[in-house]
Amino acid sequence: MSLVADFARKLGTLDLELAIELGVQETVALVGPNGAGKSTLLRVLAGLLAVDRGRIELDGVLLDGGPGAGFVPPQERRVGYVFQDSLLFPGMTALDNVAFGPRSRGASRSEARTTAGHWLDRVGLGQLGDLRPAALSGGQAQRVALARALAADPRLLLLDEPLAAVDATARVALRRELRELLDTFQGVRVVVVHSIDDALALADRLLVLEEGRIVQSGALPELVARPASRYVADLVGINGFRGLAAAGVVDVGGAELVVAQKTDGPVYVTFHPRVVSVFRERPSGSPRNVWSAPIVSVERALERVRLQVGGALPVVAEITPRAAAELRLDEGGDVWVAVKATEITVTSA
Amino acid sequence: MIEPAQHLPRGIRTLALCAAMVLVLPLVGLASRAPWGTLVAQALAPEVLDALWLSLGCSTVATAFTLVLGLPLALWLAGADGWLRTLVRVLVTLPMVLPPVVGGVALLFAFGRNGLVGGPVAEWFGVALPFTSGGVVLAEAYIALPFFVLAAEGGLRGMDRRYVEAAATLGASPWRILTTVTLPLIAPSLRAGLLLAWARALGEFGATITFAGNLAGRTRTMPLEVYAALESSPEAASVLSLLLVLFSGGVLFALRHHWFPAR
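Protein chains in written order, with the numbering used here: chain A, 4 to 352; chain B, -14 to 248.
Do not take every clue at face value.
[As the list claims (entries may be wrong)] DEER-style ranges, computed between Cβ atoms:
#1 B:Arg146 <-> A:Arg112: 25 to 31 Å
#2 B:Asp66 <-> A:Thr187: 42 to 48 Å
#3 A:Ala222 <-> B:Arg146: 35 to 41 Å
#4 A:Gly109 <-> B:Asp145: 25 to 31 Å
#5 A:Val64 <-> B:Pro105: 33 to 39 Å
#6 B:Ala65 <-> A:Arg179: 40 to 46 Å
[As the list claims (entries may be wrong)] These stretches of chain B come out as covered by chain A in the derived footprint (C-beta under 8 Å, 3 or more residues):
#7 78 to 86
#8 189 to 201
Keep in mind that the hints were calculated from the coordinates and are not lab data. Here the structure is a predicted model, which is why all the values come from computation and not from measurement. Here a beta-carbon is modelled for each residue, glycine too, at the ideal position from N, C-alpha and C.
Using the sequences and the accompanying hints, generate a full structural model.
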């Protein structure tokens, strides 16, 4: 079983064009900036939008072959779609919401209710079947929405930011449950996420969408090792720049970095935030790349302080809270930044 | 938080009071002329009750018509925009802004005994709408339809379309989506549209008298009865008018939460 999508679709200013193949052995996390086309891709797969050209196949069955060619409406696609704000039908109880799919596919009222009860139990909400959606918390509503999608017995499960409307405390538990449900689901599953934590927790593979194109696809270590764009580098938390290398110097558009690797031509340079050193006075000694830059932001996360500087080469540095205090980073102003040439990874672009 | 009324200039309040007076004084005038001593007896007179039952019956049937025909029209209008929809929307709204007597004349030319449709129908089936209660229903439905259609369309446009999409991915047929998802979601708008259409049909005068005539017991509804009574007995006219104020005011009261939601 697999999903093949190779199509183009224009919608407003978005021009979505991609070719992907998804298997049932994996959960795929779809990431990308706002407006990249993530939701549009899900809507095309679900049959809520038709393709302009190309094709979509599930298990070898054509779902959409372009205008006039075998468009299968969403009702007949066997897709489960979970929206970020759950969209439970407000006039029905939680149980009737979950029973809606089986009823729509011809099950009797009692059969549908039995199925719905089973799925509500699966998401741990068997006791709340009689409640209306308005009486449920964000996390509970999203569990019911998930049960509703699964009760319709889908072949393809599409989750559009299922954790977005859930508060931080409920998030971790829901994420773990979601992972278990996704792992037992026998079909293709795609989940749109916004954070790398969610992607790591839920998915085996990441698919990065930018401006309607797939810019990168792979497991997280691959993305960290070789991010294909500034967005991916930011997402996975490392510094990365596109540039032109010549004789051990990389021109990254307005600034130069001295590197140890002898690669020439268009390259991608990356270095981890923890190899970026920060000083108040110009440092003496061996670092080859030293420059002065204004502080943009200082973020504290557990035992690390992430410092972002601006200027021609905007980078993120990770230092200890003690060093941050000694550097009086909270006062702002300019700092000196240093990166050793040997710490910079250069890959051909 | 400052109450909105507290920072209004003094002059505005005076003008607002004037506006309120313009609306309230006619009602006071109506009440001042009412024969309070014999009010109940006059309200229960046979010709008044005939007109009242005819009014209630015709406006209710006309409202049922607007529901059956207006809902499909609203569903279609609420879809994507195009020049055809714009044209139809203008045509649907037209009876709201036309003088009702013009609507009555137009109905005569279409459904009258010699009308475009009414002529052949009268010839083949021997049935004619003018001067019948059916004619009253048609005239009222014609005037009331836009009120229902616009309310229903407003509800449909304000609805989150993704509920429909969610239902579609769950395998629901278009009919099932309409009856179990869409209609319950827009029920408040439908209710408001129906009450508004009913109240408008109840008060209909111009199109009714032009198209259906003024026959006691058959086409003489309450507003026509008021008009007829004004010639002979202004007191009786005020009794009938007060009855209509009561009914229409009741409708507004029933809808108060829809139009004036609590802050």
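Hints, one by one, checked against the model:
1. B:Arg146 <-> A:Arg112: 25 to 31 Å: Holds, at about 28 Å.
2. B:Asp66 <-> A:Thr187: 42 to 48 Å: This hint holds: roughly 45 Å between Cβ atoms.
3. A:Ala222 <-> B:Arg146: 35 to 41 Å: 36 Å, holds
4. A:Gly109 <-> B:Asp145: 25 to 31 Å: 27 Å, holds
5. A:Val64 <-> B:Pro105: 33 to 39 Å: 53 Å, violated
6. B:Ala65 <-> A:Arg179: 40 to 46 Å: 42 Å, holds
7. 78 to 86: This one is violated; 0 residues, fewer than the three required, reach chain A with a Cβ under 8 Å.
8. 189 to 201: violated (count 0)
Comparing the model with each numbered hint stated earlier shows that hints 5, 7, 8 do not hold.
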